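Enquirer: These protein sequence lines map, in sequence, to chains A and B.
In terms of the UniProt record's numbering, the first sequence opens at residue 1 and continues consecutively.
In terms of the UniProt record's numbering, the second sequence opens at residue 1 and continues consecutively.
Some hints could be false.
As the list claims (entries may be wrong) - Pairs of lysine-lysine, DSS-like flavour, derived with a Cα cap of 27 Å:
hint, chain 1, residue 1, chain 2, residue 2
1, A, K259, B, K2
2, B, K2, A, K204
3, B, K2, A, K288
4, A, K224, B, K207
What the hints assert, rightly or not - Computed footprint of chain A on chain B; a stretch qualifies when at least three of its residues, placed anywhere within it, have a C-beta under 8 Å from a C-beta of chain A:
hint, segment
5, 2-9
6, 13-20
7, 42-54
8, 117-128
Source of the hints: derived by calculation from the structure; they are not laboratory data.
Please read these numbers as outputs of a predicted model, since none were measured by experiment.
Where a beta carbon is used, it is the ideal one built from N, C-alpha and C, also for glycine.
Here are the chains, one letter per residue:
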Amino acid sequence: MEVLFSNVKELVALAESQSKPISEIMIEQEVLMTKRTREEIIAQMDANLTVMENAVEKGLEGVYSKSGLTGGDAVLLQNYMKTGKSLSGDLIMDAISKAVATNEVNAAMGTICATPTAGAAGIVPGTLFAVKNRLNPTREQMINYLFTSGAFGFVVANNASISGAAGGCQAETGSAGSMAAAAIVEMAGGTPQQSAEAFSIVMKNMLGLVCDPVAGLVEVPCVKRNAMGAAKAVVGADMALAGVVSTIPTDEVIEAMHKIGQSMPSALRETAKGGLAATPTGKALEAKIFGTAKVDSGSVTS
Amino acid sequence: MKFRSVFDIIGPVMIGPSSSHTAGAARIGRVARTLFGRQPEWAKIHLYGSFAETYKGHGTDVAIIGGLLDYDTFDERIKTAFEEADRLGLTYEFIPEEEEAEHPNTARLVIGDTDGVMELIGISIGGGTMEVTELNGFPLRLSGHFPALLIVHEDRAGVIASVSNSLASQGVNIAHMECGRKEKGEMALMVIEVDQFINEALIDELKTLKHVTQVSTLAN
């Protein structure tokens, strides 16, 4: 099978040697591998972008999950941002509120676009729609943001994992935050190498993050992890654009993430048996939602 | 390479809350439905690993039933799949298993009606992408990325050649092919992933070939 890149080093080298953005390399590879036309591929990504816009809009109106565990925080964050009193700044507040909006819609079984997963679906669109207000991109540039995110996600998915059950939350919100950082860099005019640096900087700060959803629901702590993933993406992009580089090359960071995931006990990989899911409050919530707690209480004092 | 398209990463468009436990599960159910060729009357669904522990919270159960009813990952009816199943005469049972499967998100679907029974093992490998790893006891690897032909046949010399001749005569290129059998001379299975859309005429031709007993397709 023909493939243009199978790791980040090859992806960056290709983009730089041909003076093309990473998004363009991703589109070319998609044409090559799926035999679909460029127009079809771009139209599908455009449609996915529309799904993301609709999810954010819905979330910002205020949605609540069936379990009652999550909902309404996106509205709180937007309202606070609009007071102008935020300490972390409007762009970060906008990004995290829109990330939360998407994940609140997801938790309520609404329609979202997985990026790369549903549990981490807030980060890529949340950052995109916040950065959009600063950089005023064209529709095409917004679509390219998704292709650049996808290019890095493609490498992670094939060389490590994007599944919480296989690699913990580092594989989900970790991957999403790192992908978004790389895409922000491209939209802001940075180089392909700077995209890779931004990816590495964020991923290095996600390593080890476990997947421990309370009651097995994609709500607590997933929604807030999307908020922090979005914030890290913006900061990581700024660091790379400032010229900060990662000491450890991107592909080695991805390999480290993979190995950490493999050595994580299954209790911390989306089984709702460890971490926050196994706290007294986590167990009590599970019992309240499903009637009986399935969580093994052996290691927990309640 | 497990993930081949950018839309495995930026996608699928889906009903929440989990790409692996909801969208991937729906796709496993839908592939089973397609391979069975009709809506089953009953389904016994065995869940392993993370699927077994968290299926209720993730809506894995409604998603698999939705898939068996031929719903795509973004179909709103996934949310009411149980009611739809009751209405359409599909009875179902979920059995969370203690034993550890090779992959943490594994489902074994046994589905059937008065005319037949099919057993399929599917794994959800992340981001909504899934693979079929076993069909009616035959180990295989089927991603659903490409149009595929599944041909049940008797284990005889020349069957593979006659199938590939039929494909070649229609200009269909084979991307990936696996053959397996349970015992020498008994029932065997060919899984052929192809680059082109498979038309009805080709399926009809394959069905007439000597020693071929069943032909099913999986469209892209």
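Enquirer: Take the hints in turn and mark each one as holding or not.
Expert: Right, here's what the structure says about each hint:
no.: 1; hint: K259/A / K2/B; in the structure: holds (18 Å)
no.: 2; hint: K2/B / K204/A; in the structure: holds (24 Å)
no.: 3; hint: K2/B / K288/A; in the structure: violated (39 Å)
no.: 4; hint: K224/A / K207/B; in the structure: violated (54 Å)
no.: 5; hint: 2-9; in the structure: holds (count 8)
no.: 6; hint: 13-20; in the structure: holds (count 8)
no.: 7; hint: 42-54; in the structure: holds (count 4)
no.: 8; hint: 117-128; in the structure: holds (count 5)
Consistency note: the structure conflicts with the earlier hints numbered 3 and 4.
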